[in-house]
Every structure is written in structure tokens, then in C-alpha cells.
Amino acid sequence: MSAADVAQPAPVPQPATGAAPEPHAAPPAERGRTERRHGQVRGLGPGPVTRWAVAIVVGGLFALPILSMLEFTLRDGDGHSLARWAALLDPDNAARYAPLWQGLRNSLVLAAVTVAIVLLLLAPTMILVTLRFPALRRPLELVALLPISLPAIVLVVGLAPVYLFIGRTFGTGVWPLALAYGVTAMPYAYRAIQASIDATGVRTLAEAARTLGAGWPTVLLRVLAPNLRGGLLAASLISVAVVLGEFTIASLLARQNLQTALLVVNRQDAYAAVILSLLSLLLVLVLLLLIGRVGARGGRGARTEGP
Amino acid sequence: MTTTATSAEPAVLAREGVAVTFEGVVKDYGSTRVLRGLDLQVRPGELVSLLGPSGCGKTTALRVLAGLEHATEGAVRIGGQDVSGVATHRRDIGMVFQAYSLFPHLTVVANTMFGLRRRRVPRAEAARRAAEALELVGLGHLAERYPHQLSGGQQQRVALARALVTAPKVLLLDEPLSALDAKVRSGLRDEIRRLQLRLGITTIFVTHDQEEALAVSDRIAVMDSGRIEQLGTPEELYLRPATPTVAAFVGLSSVVPAQVTGGAAHVLGTVVPVLGDRADGPAEAFLRPENVRLLDATATQGVPGTVEESMFLGSLRRTLVRTVDGDLVRVQHRAEDKVGFGDTVRVALDDVPVAVR
Numbered sequence: 001m002s003a004a005d006v007a008q009p010a011p012v013p014q015p016a017t018g019a020a021p022e023p024h025a026a027p028p029a030e031r032g033r034t035e036r037r038h039g040q041v042r043g044l045g046p047g048p049v050t051r052w053a054v055a056i057v058v059g060g061l062f063a064l065p066i067l068s069m070l071e072f073t074l075r076d077g078d079g080h081s082l083a084r085w086a087a088l089l090d091p092d093n094a095a096r097y098a099p100l101w102q103g104l105r106n107s108l109v110l111a112a113v114t115v116a117i118v119l120l121l122l123a124p125t126m127i128l129v130t131l132r133f134p135a136l137r138r139p140l141e142l143v144a145l146l147p148i149s150l151p152a153i154v155l156v157v158g159l160a161p162v163y164l165f166i167g168r169t170f171g172t173g174v175w176p177l178a179l180a181y182g183v184t185a186m187p188y189a190y191r192a193i194q195a196s197i198d199a200t201g202v203r204t205l206a207e208a209a210r211t212l213g214a215g216w217p218t219v220l221l222r223v224l225a226p227n228l229r230g231g232l233l234a235a236s237l238i239s240v241a242v243v244l245g246e247f248t249i250a251s252l253l254a255r256q257n258l259q260t261a262l263l264v265v266n267r268q269d270a271y272a273a274v275i276l277s278l279l280s281l282l283l284v285l286v287l288l289l290l291i292g293r294v295g296a297r298g299g300r301g302a303r304t305e306g307p
Numbered sequence: 001m002t003t004t005a006t007s008a009e010p011a012v013l014a015r016e017g018v019a020v021t022f023e024g025v026v027k028d029y030g031s032t033r034v035l036r037g038l039d040l041q042v043r044p045g046e047l048v049s050l051l052g053p054s055g056c057g058k059t060t061a062l063r064v065l066a067g068l069e070h071a072t073e074g075a076v077r078i079g080g081q082d083v084s085g086v087a088t089h090r091r092d093i094g095m096v097f098q099a100y101s102l103f104p105h106l107t108v109v110a111n112t113m114f115g116l117r118r119r120r121v122p123r124a125e126a127a128r129r130a131a132e133a134l135e136l137v138g139l140g141h142l143a144e145r146y147p148h149q150l151s152g153g154q155q156q157r158v159a160l161a162r163a164l165v166t167a168p169k170v171l172l173l174d175e176p177l178s179a180l181d182a183k184v185r186s187g188l189r190d191e192i193r194r195l196q197l198r199l200g201i202t203t204i205f206v207t208h209d210q211e212e213a214l215a216v217s218d219r220i221a222v223m224d225s226g227r228i229e230q231l232g233t234p235e236e237l238y239l240r241p242a243t244p245t246v247a248a249f250v251g252l253s254s255v256v257p258a259q260v261t262g263g264a265a266h267v268l269g270t271v272v273p274v275l276g277d278r279a280d281g282p283a284e285a286f287l288r289p290e291n292v293r294l295l296d297a298t299a300t301q302g303v304p305g306t307v308e309e310s311m312f313l314g315s316l317r318r319t320l321v322r323t324v325d326g327d328l329v330r331v332q333h334r335a336e337d338k339v340g341f342g343d344t345v346r347v348a349l350d351d352v353p354v355a356v357r
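Respectively, the protein sequence lines represent chains B and X.
At position 29 of the first sequence (counting the first as 1) the number is 29 in our numbering, and the numbers step up by one without a gap.
At position 357 of the second sequence (counting the first as 1) the number is 357 in our numbering, and the numbers step up by one without a gap.
Calculated from the structure, these hints are not laboratory results.
Source: prediction; values computed, not measured.
One should not assume that every hint holds.
[Unchecked claim] Quick look at which bits of chain B chain X covers, simulated, 3 or more residues with Cβ under 8 angstroms:
no.: 1; segment: 139 to 151
no.: 2; segment: 199 to 207
[To be verified] Just a sample of chain X residues kept apart from chain B, beta carbon distances all over 10 angstroms, derived:
no.: 3; residue: E16
no.: 4; residue: T21
no.: 5; residue: E23
no.: 6; residue: G85
no.: 7; residue: R91
no.: 8; residue: D92
no.: 9; residue: L214
no.: 10; residue: G262
no.: 11; residue: Q301
no.: 12; residue: V345
no.: 13; residue: P353
[Stated by the list, open to error] Among chain B residues calculated to face chain X with C-beta under 7 angstroms, some are:
no.: 14; residue: T169
no.: 15; residue: V223
no.: 16; residue: P226
A virtual CB, placed ideally from N, CA and C, is assigned to each residue, including glycine.
Turn these sequences into a full structure, and let the hints steer you where they fit.
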């Protein structure tokens with residue numbers, strides 16, 4: 001599943017909030033969209049049999065390895081038990097699993113710094129470009145989407161000398177790695193944020209707020225951020241997902257994160273590595289589900305006032 | 001549309017009007033000059049419309065006044081103070097946009113309080129004043145709704161309340177009615193004018209709809225290509241357009257060929273005075289439908305013609321006549337004088353001055 005798919009707000013019907021909205025209050029764009037969606041399902045879409053067949057094949061492809069992993073972690077001699085899961089938390093094994101917990105902690109720090117980069121650097125830049133420098137929008141889009149076409153290994157070759165310098169200047173702490181992750185997460189975050197900027201009349205809202213006496217910080221925090229909330233949350237969660245799944249850059253730059261730690265532990269205890277992999281998959285899955293919900297909610301609010 | 005029937009004077013919002021001045025304002029976008037030395041003095045408490053076709057610079061002028069655009073040259077004064085270096089949020093203005101300017105994440109009352117809160121008015125007082133302002137536009141009962149639950153007309157009235165609640169020095173209206181349907185539009189138009197007169201707030205109203213401008217303005221500035229063509233009361237503009245552009249843009253006119261000699265125009269078999277100075281020779285005259293009379297085919301005045309179409313407009317009728325010379329002339333007459341396609345008639349011109357080009 002690609003990030004862009006996840007970030008697009010799915011159209012959902014408006015919930016009845018208190019007093020029923022007046023019939024003519026619903027914007028025509030929304031009505032048109034709903035009709036088109038229905039038309040697709042009834043007229044042009046595949047029949048129920050085809051749909052179920054596709055769902056089962058695709059679902060099976062995803063489920064099979066995950067279920068196999070689960071089965072693997074439950075193996076105990078000839079039978080099955082939860083012993084391996086329990087062992088993970090056993091204080092006696094703390095030393096053996098220490099790299100895992102350290103890797104997890106590092107990954108969470110990296111995720112937090114990456115999200116900060118997305119929210120405090122990327123998002124304001126995109127808003128600024130939309131409001132003040134619309135001519136720069138295309139170039140920014142190009143730059144933001146570029147990392148998706150660069151293999152991680154190419155990034156590392158370019159980043160190695162930079163990190164050599166960073167290592168000497170800031171020490172070999174793990175957080176500077178988030179600078180690279182900011183770059184890898186950027187294409188996904190960009191798409192999510194841009195979708196919600198496009199759906200919101202950012203310019204008019206900002207101008208209205210300014211004429212009412214709001215300075216730029218107020219405009220950003222009190223007017224634009226709440227209306228772009230869906231896109232900003234989606235961008236944050238997708239960044240977390242990218243960071244938790246990253247291996248190449250960390251490994252080649254000799255930093256430790258969850259994925260590199262998994263590899264290390266895997267050499268001694270394959271079961272623990274698989275359990276942790278399962279857990280991190282589960283975490284990312286939860287994040288993606290959250291994005292879907294958030295996108296749907298944010299999308300509704302934005303659509304009702306987009307120009 | 002309900003009219004606001006609040007009898008109590010909105011003392012909170014009333015404020016001494018201030019003058020607004022544009023002094024030689026020039027605005028360039030790259031190599032395109034959209035304002036070419038705009039001069040305009042708006043008196044305290046006056047409603048001045050900027051009227052013109054799209055691209056004439058009227059919205060740019062308003063945005064320069066609001067500080068949303070910066071003038072390339074010239075100065076803008078609000079209450080005598082040059083605001084060129086003052087940021088939008090410190091200019092103490094209220095502005096209503098075309099549409100979609102309410103904050104979607106805030107309720108109607110929270111939207112209305114926004115400007116007060118930015119001016120550090122305590123929450124309780126801000127809520128009270130916002131409720132008053134909403135009452136003023138007849139929407140007190142919708143205070144807890146969200147913008148997407150309101151109709152377009154209601155949204156614009158909230159936007160109006162939100163702009164007025166801070167008792168700003170100037171009210172700027174950027175085509176606030178253009179996204180509404182006809183009936184709501186004229187209702188809100190009259191309501192804006194009533195409020196403006198009651199509050200005595202200096203107001204600049206940008207519109208491309210001449211009917212709107214004629215109805216609500218103290219004075220109208222007709223703009224074309226970044227300049228003011230004529231500034232005057234609605235009556236002045238309508239009866240004595242200074243330039244052909246104004247004549248063509250304000251009011252409905254038929255344009256027919258005329259012959260000018262010695263300050264008089266020969267048109268439709270009638271000789272009428274010409275507005276302004278015009279050299280002798282062939283020209284085109286702008287004829288108002290209400291200055292043209294529809295006569296029987298047997299009459300002796302005017303020129304003969306045939307009816308192309310006749311529209312019933314309730315209290316009156318507007319008929320399009322093609323004269324024997326092939327010119328199309330629009331005539332406004334009593335609804336009782338029924339004519340139909342192909343009827344032979346005569347059209348004549350009242351003895352009023354006409355604009356020529």
C-alpha cells in the first residue's frame with residue numbers, strides 16, 4: 001500500500017451534528033463526488049464474486065507470511081506455547097535483548113525528531129509557498145518527491161561524508177539520523193499535507209484572520225493548523241511508519257535503530273527477532289488505520305469549505 | 001430572507017467614521033501595471049463603491065488598502081495616517097470576502113469573537129459582544145452552528161458580523177454578494193446598507209454589478225484599466241456619464257450611430273444635446289431604454305422599425321426594436337402597451353442629453 005493512497009481523505013457521509021443542516025448548505029462538489037462513487041460501484045465496478053476473489057488472493061498474500069511468523073514464535077518443541085513471548089520479558093534474558101530495547105528507544109527518538117521536522121519545517125514551508133510564493137510550488141513539489149526515486153543506498157553514499165562531519169561536530173548520538181529520515185519521509189508527508197492544503201481555502205482563511213487582527217503565528221497555529229489537522233496528523237503518522245521500518249541508512253551509517261537491532265538479535269535468537277518484527281508490524285498497521293480515520297475526518301471538514 | 005428588526009442602537013459598534021485616502025497609488029505585478037495612479041478621497045462615514053469590469057484593478061485597490069498587497073508607489077491613508085508601513089493585522093479594518101472566509105473549525109460565535117480575542121478583549125465580554133453583533137445580522141439563534149451548516153447568505157452575514165464586531169475604522173467589502181443567488185443578494189445588499197448607515201462606518205464596496213453599486217452607494221468610482229474613470233453620486237453617473245466607458249458600463253444602453261453637429265446629436269430622427277465636448281462628425285450614441293418612446297406605426301415622430309422581442313418585467317415591458325436603418329434599440333415602456341414579434345412601430349427619443357463616443 002502506498003503512502004499516497006493512505007493520505008488521501010476518503011469521502012464519508014456527513015454525520016448529523018445536532019440540528020440538521022439546511023439542504024442547500026451541502027456544497028455541490030460533495031454531492032457530485034458521492035454520486036460518482038455510487039455510480040462506480042453499481043455500474044462500472046467488478047461484480048461481487050470478482051471482488052471477493054481479489055480480496056482473498058491479496059489478503060492471503062499479506063496474511064500468509066504474518067501468520068507463519070506468528071506460528072513460528074509459538075513453536076515449542078513439538079507443540080506450541082507462549083514461552084518465547086514470555087522469555088522476551090524475563091529479566092534473566094535482559095542482557096541478551098538489551099540491543100532490541102535500545103534500538104526501539106532509538107527508533108522512537110528518531111520518529112519524534114522526524115515528526116518535528118515534518119511539522120515545524122516542511123508544513124510551514126509548504127504553507128508559506130502556498131500563500132506567498134505560489135510560483136515555487138512546482139519546484140518544491142519536485143524536490144519533495146525526489147527522495148522517493150532515490151534508492152536508500154544512493155542516499156547513504158551522499159550522506160556518508162555529511163555524517164562524518166556531523167559525528168565529529170555533534171557526537172555520534174542517534175538523533176542526527178532523523179535529518180536523513182526527514183528526507184526519506186518527505187515525499188509521503190508532502191503528499192498528505194498538500195492534499196489538505198488543496199482542500200482548504202488556505203489563502204482566504206489566512207487573509208480573513210489577518211484582517212481581523214491576527215499576526216502570522218496566530219494565523220498558523222489557530223487558523224491554519226486546526227483546518228489542516230487531518231493532513232498534518234496523516235503526515236506525522238506516515239513519518240513514524242517510515243522511521244520504524246528503516247534499515248538501510250541506519251545500518252550503513254553504523255547507527256542502531258529497531259531494524260538493525262532486530263538483525264543483531266536475530267543472529268542469536270531468531271524467535272525474539274520475529275516477535276519484535278511482528279510487534280512493529282502491528283504498530284505500523286495501527287498507525288495506518290489511524291491515518292485512514294484521521295484522513296476521513298479531516299477530509300470532511302476541509303471539503304465543506306474548499307473553493 | 002428576514003430583515004433585522006432590532007430597535008436598540010448598537011452603541012457598542014457605533015464609532016466616528018474616518019476618512020480614507022488613496023494618493024497616486026500604483027501597483028505593478030511584474031511588468032503588468034494594474035493600478036495607474038489611483039486617487040480617491042472617501043469621506044468619514046461614506047459608502048463608496050469601486051465599480052468596474054473584472055481586471056480593472058478594483059479588488060487590487062481594496063487589497064492595497066487592507067495591506068494584503070503592497071503599493072508599488074503612492075500612499076494610502078486611514079484617518080489621516082499613512083498606513084503603507086503598517087501590517088494588515090494592525091490596520092484596524094474589517095473585511096468581508098467573496099465567500100468561504102469563515103473559519104470552518106470554529107462555531108459561528110467563535111468566528112465572530114475571533115477579532116475581539118485578538119484585541120485582548122476578555123472572553124466573557126467578547127462572547128457578549130459577538131452575540132450582539134450576530135443579533136444585528138439576525139443570526140443570534142445560529143451562534144452554536146458550524147459554518148458548513150449555514151447557507152451561503154447566512155455565512156456572508158456571519159462574515160459581516162465578524163467584520164463589524166470590532167468596530168473597525170473601515171469596512172472593506174470584496175464582492176461579498178457575488179456568490180449568492182439573486183434574491184438573497186438583494187436582501188443582503190439592502191441590509192448591508194442599512195447597517196452601514198446606522199453604524200456610520202466608512203465603507204469601501206468592490207463590485208462588478210452596477211445595479212448593486214447604484215443601489216447602496218453614496219458615491220461610485222467607476223474604474224477601468226487601473227484608473228478611476230468617473231467619481232460621482234449614482235445619479236450623476238447615470239444621468240451624466242463623463243466618458244463613453246462609464247456610459248456603457250452604468251445602466252443599460254443601446255448603442256446606435258449618430259451625427260454630431262455643434263454640440264447636438266442627430267439620432268433616431270431627433271436632435272438632442274450631447275454630454276461633454278465632442279467634435280462634429282459621425283459618432284455612436286448611448287440611449288437609455290427609459291429615454292426611448294414606443295409609438296404607433298402611424299405616428300410622425302422618430303423612425304420606423306419592427307419588434308424583435310418584448311420582455312414582460314412585471315411593472316413594465318422592455319422591447320427590442322430593429323429600426324429601418326438596421327440598428328437595435330431597447331425601449332422601456334408601460335406593461336399595458338403590448339407588442340409582439342414582427343409588429344411595426346416607431347421609436348423616438350426624449351429630449352434628454354445623451355452620451356456619445
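Okay, the hints, checked on the actual structure:
1. Judged by the Cβ-Cβ criterion of 8 angstroms, the segment 139 to 151 of chain B is not covered by chain X as claimed, because only 0 of its residues qualify and three are needed.
2. Here the segment 199 to 207 of chain B counts 5 residues with a CB under 8 angstroms from a CB of chain X, which clears the bar of 3, and the coverage holds.
3. Distance check on E16(X): its Cβ is at least 20 angstroms (rounded) from any Cβ of chain B, clearing the 10 angstroms threshold; non-interface status holds.
4. Remark: the non-interface label on T21(X) is consistent with the geometry, its nearest Cβ contact in chain B lying 19 angstroms away (cut-off 10 angstroms).
5. Distance to chain B confirms E23(X) as a non-interface residue, since its nearest Cβ pair spans about 22 angstroms, more than 10 angstroms.
6. Chain B leaves G85(X) outside its interface by the beta-carbon criterion, the shortest separation being 15 angstroms against a cut-off of 10 angstroms.
7. Distance check on R91(X): its Cβ comes as close as 8 angstroms (rounded) to a Cβ of chain B, failing to clear the 10 angstroms threshold; non-interface status is violated.
8. Taking the minimum C-beta to C-beta distance to chain B, about 8 angstroms, the non-interface status of D92(X) is violated against the 10 angstroms cut.
9. For L214(X), the shortest C-beta to C-beta distance to chain B comes to about 27 angstroms, beyond the 10 angstroms cut-off, and the non-interface label holds.
10. Separation of G262(X) from chain B is adequate, the least Cβ-Cβ distance of about 54 angstroms exceeding the 10 angstroms criterion.
11. Distance to chain B confirms Q301(X) as a non-interface residue, since its nearest Cβ pair spans about 51 angstroms, more than 10 angstroms.
12. Consistency note on V345(X): stated as away from chain B, and its beta-carbon is indeed over 10 angstroms from all of that chain's, at 44 angstroms minimum.
13. The claim that P353(X) is not at the interface with chain B holds, since no C-beta of that chain comes within 10 angstroms of its own (minimum 43 angstroms).
14. For the restraint placing T169(B) at the interface with chain X, the shortest Cβ-Cβ distance is roughly 38 angstroms, beyond the 7 angstroms limit, so the hint is violated.
15. The restraint placing V223(B) at the interface with chain X holds, with a minimum CB-CB distance near 6 angstroms, inside the 7 angstroms limit.
16. A hinted interface residue such as P226(B) counts as satisfied when its beta carbon comes closer than 7 angstroms to some beta carbon of chain X; here the least separation is about 4 angstroms, so the hint holds.
Checked against the numbered hints above, the structure breaks hints 1, 7, 8 and 14 and satisfies the rest.
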